[in-house]
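**Student:** Residues per chain, in single letters:
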Amino acid sequence: MKKYFLLLFFVASAVFLNSCGEYKDNRVNLDTGVKSDNLANNALTRPVYGAFSLLIGEGIDLKDVKVFRNDADFMEVQVTGYNRAIYTKRFDYKIDWLDKNGVAVDSKASVWQRVSAKSRTTFSFKAVAPTKDVVDFRINTRKTPE
Amino acid sequence: MKNTFAFLFFSIFLTLFVIGCEEVSKIDTTNDTGKQVLALDYRDFDEAAGKMIQSLISSGRLAKKDGSRYVVSTGRVTNDTMQRIDTDQLTAKIEQDLMNSGQVVMTSAVGGKESNRDETIYSMRETRDSSKGEEFKQETLPQKGEIISPELSLSGKIYQRNLRYDKDKQQVEYYFQLKLTDIKTGLRFWQEEVLIGKRGSNKTVAW
Numbered sequence: 379m380k381k382y383f384l385l386l387f388f389v390a391s392a393v394f395l396n397s398c399g400e401y402k403d404n405r406v407n408l409d410t411g412v413k414s415d416n417l418a419n420n421a422l423t424r425p426v427y428g429a430f431s432l433l434i435g436e437g438i439d440l441k442d443v444k445v446f447r448n449d450a451d452f453m454e455v456q457v458t459g460y461n462r463a464i465y466t467k468r469f470d471y472k473i474d475w476l477d478k479n480g481v482a483v484d485s486k487a488s489v490w491q492r493v494s495a496k497s498r499t500t501f502s503f504k505a506v507a508p509t510k511d512v513v514d515f516r517i518n519t520r521k522t523p524e
Numbered sequence: 045m046k047n048t049f050a051f052l053f054f055s056i057f058l059t060l061f062v063i064g065c066e067e068v069s070k071i072d073t074t075n076d077t078g079k080q081v082l083a084l085d086y087r088d089f090d091e092a093a094g095k096m097i098q099s100l101i102s103s104g105r106l107a108k109k110d111g112s113r114y115v116v117s118t119g120r121v122t123n124d125t126m127q128r129i130d131t132d133q134l135t136a137k138i139e140q141d142l143m144n145s146g147q148v149v150m151t152s153a154v155g156g157k158e159s160n161r162d163e164t165i166y167s168m169r170e171t172r173d174s175s176k177g178e179e180f181k182q183e184t185l186p187q188k189g190e191i192i193s194p195e196l197s198l199s200g201k202i203y204q205r206n207l208r209y210d211k212d213k214q215q216v217e218y219y220f221q222l223k224l225t226d227i228k229t230g231l232r233f234w235q236e237e238v239l240i241g242k243r244g245s246n247k248t249v250a251w
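Quick note, the sequences are listed as chains A and B, same order. Counting in the numbering used here, the first sequence runs from 379 upward without gaps. Counting in the numbering used here, the second sequence runs from 45 upward without gaps.
Excised from the complex, chain B in its bound form (with noise of 0.2 Å):
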């Protein structure tokens, strides 16, 4: 019985110890030089996002000639790869960008997805048109016609292709490709692909 006690006693105590013992980091993100992964982590959404924003800004497809800014919402972004990724980790970054460039406006009244999209902009007019509307001031209510619309969208998807490398090894290719489009013609401003290749283990899971 005593024995028994003391077993218990002592894998408890070693099992708490161990809990305690394990190691916990903060990544280093601008200077990680940590090992890759097969599936796609931050650093290739950093480095695919930066040689979208190169592109599209180098291109001189944003400057308009008046110097005003282009409105733009971001579109269908397709996540058509094996992994549960939220595609705007790629799109944010690009559309962060693109705002501090002064070259863009972004719009939160219209999107190919919900995160894209400003539900308090609908919300505030049906508040103005119920009974609700009457405890606001007036003139601080958005009026009817006042929504910009866009003027360019930006699209694209994000696929993955699995190929067998050899015995051992697999490749994994992931090709974000993006696209700009003036909405009144149809007319595409712009395209970028980026690929971003991978070899390793056939052991490993690449989703």
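In isolation and in its complexed conformation, chain A is listed as follows (with noise of 0.2 Å):
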């Protein structure tokens, strides 16, 4: 058992070193098996990782809300955000847009619609109000239906 979290060690420092001093930048996302092994996707530690993320319920984390109006002038809202799990997270997502005195606009559009996020990449989901008239807008999420 102690030679075993030995060797576990001596692999987990050798990954880590392998992936130190990299050259990274935030719009390239390598895959596992196409980039350097680390900690989270090494075919000995990643188990561990993999039940250690189940464990503490790694998910989405939301990074950021644009709002624009396009040459029309309707709202556009996009919405990014990074998947933490090690593995791809299925979830819906339905907008309801609001006008100035903070009614519902009724759309055919809002339904709920379905994002796929890859494990540990950034992903993004755009969508368009339905009139000028909306200057507001709120977004509910759900785990996809199997």
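Since the hints were made in silico from the structure, they are not lab data. All clues given are correct.
Chain A is nowhere near these chain B residues, computed Cβ spacing over 12 Å in every case:
(1) L52
(2) F54
(3) V68
(4) N123
(5) D130
(6) T151
(7) V154
(8) E170
(9) Q204
(10) R208
(11) Y209
(12) T229
With a Cα cut of at most 20 Å, we get these calculated PhoX-like pairs of lysine-lysine:
(13) K79/B / K521/A
(14) K242/B / K521/A
(15) K478/A / K444/A
(16) K504/A / K95/B
(17) K79/B / K467/A
(18) K510/A / K109/B
(19) K472/A / K95/B
(20) K486/A / K95/B
(21) K510/A / K108/B
Cβ atoms here follow ideal geometry from the backbone N, Cα and C, with glycine treated the same way.
Hints are included, so try docking the two chains, each in its own frame, into the full complex.
**Tutor:** The following block contains the structure:
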């Protein structure tokens, strides 16, 4: 048992050192099997890391919400997030558009739409308001039903 | 004789009891978490229409420079799937949101499908030209040259591909394709394809 932990420690140290000093650019994501191994994707440490990730319930982080008006004066929203989990996360989102009185504007496009976020990657989705009267919005999410 | 009668009575009672217990529930169409089916259901049409509307509005192709609205007709949308689909399930949602966006007026004077046209437009003109027309207040009757011609036409198709995924499963791909064409010039302003793919048991029939 002690030997096993020692081996794991050596592998972890080697993998950690291996990934040190890498050039990084957040715009480019190198997937497992493409980039050098690190603690999260090494064949030996991955099960431990995966179990830990599941245990602490890693999921989606909200990174940024951009709101702007397009050339036709319709509000557009872009939501950017990051999937911290080591598994692909699938979820649905639904946007309710609100006018200046806070009243919901009916739209056939306000339905649950699916997002698939690969593990440890940044993702984004975009939506456009159904009318020019929209000044605000509300976004709800849910786990995609199987 | 007595036994036969009792058995018959019991059978009828049991049948009525079972029919009475059949549960019917209404679908919560806003937050439906029900199982997916291999065929196209209303959720697929909602998803496809939603994406189409978003794409069309955000493209900015419907914004006229002078701020007026385009007159749009719904042309032919072909159902090239193995299912009996009324393509209005897709186009009606899109038409509704386009009109509510304030950028478009739909026309019922022409269209690729009977359901897109309103017969009253032409029957009133026939009435005007017949002896019955004299019964109407003349200034309330539609005159010649009043129908506005559409500027844009929305058309497309829905098609299906069935593939064998493995020994037990099949893959069904549904492609929703729509395009918006300028009727005067024939130029295409916008087009979009939405793919909905499903995998399921070989025993399930996708039509």
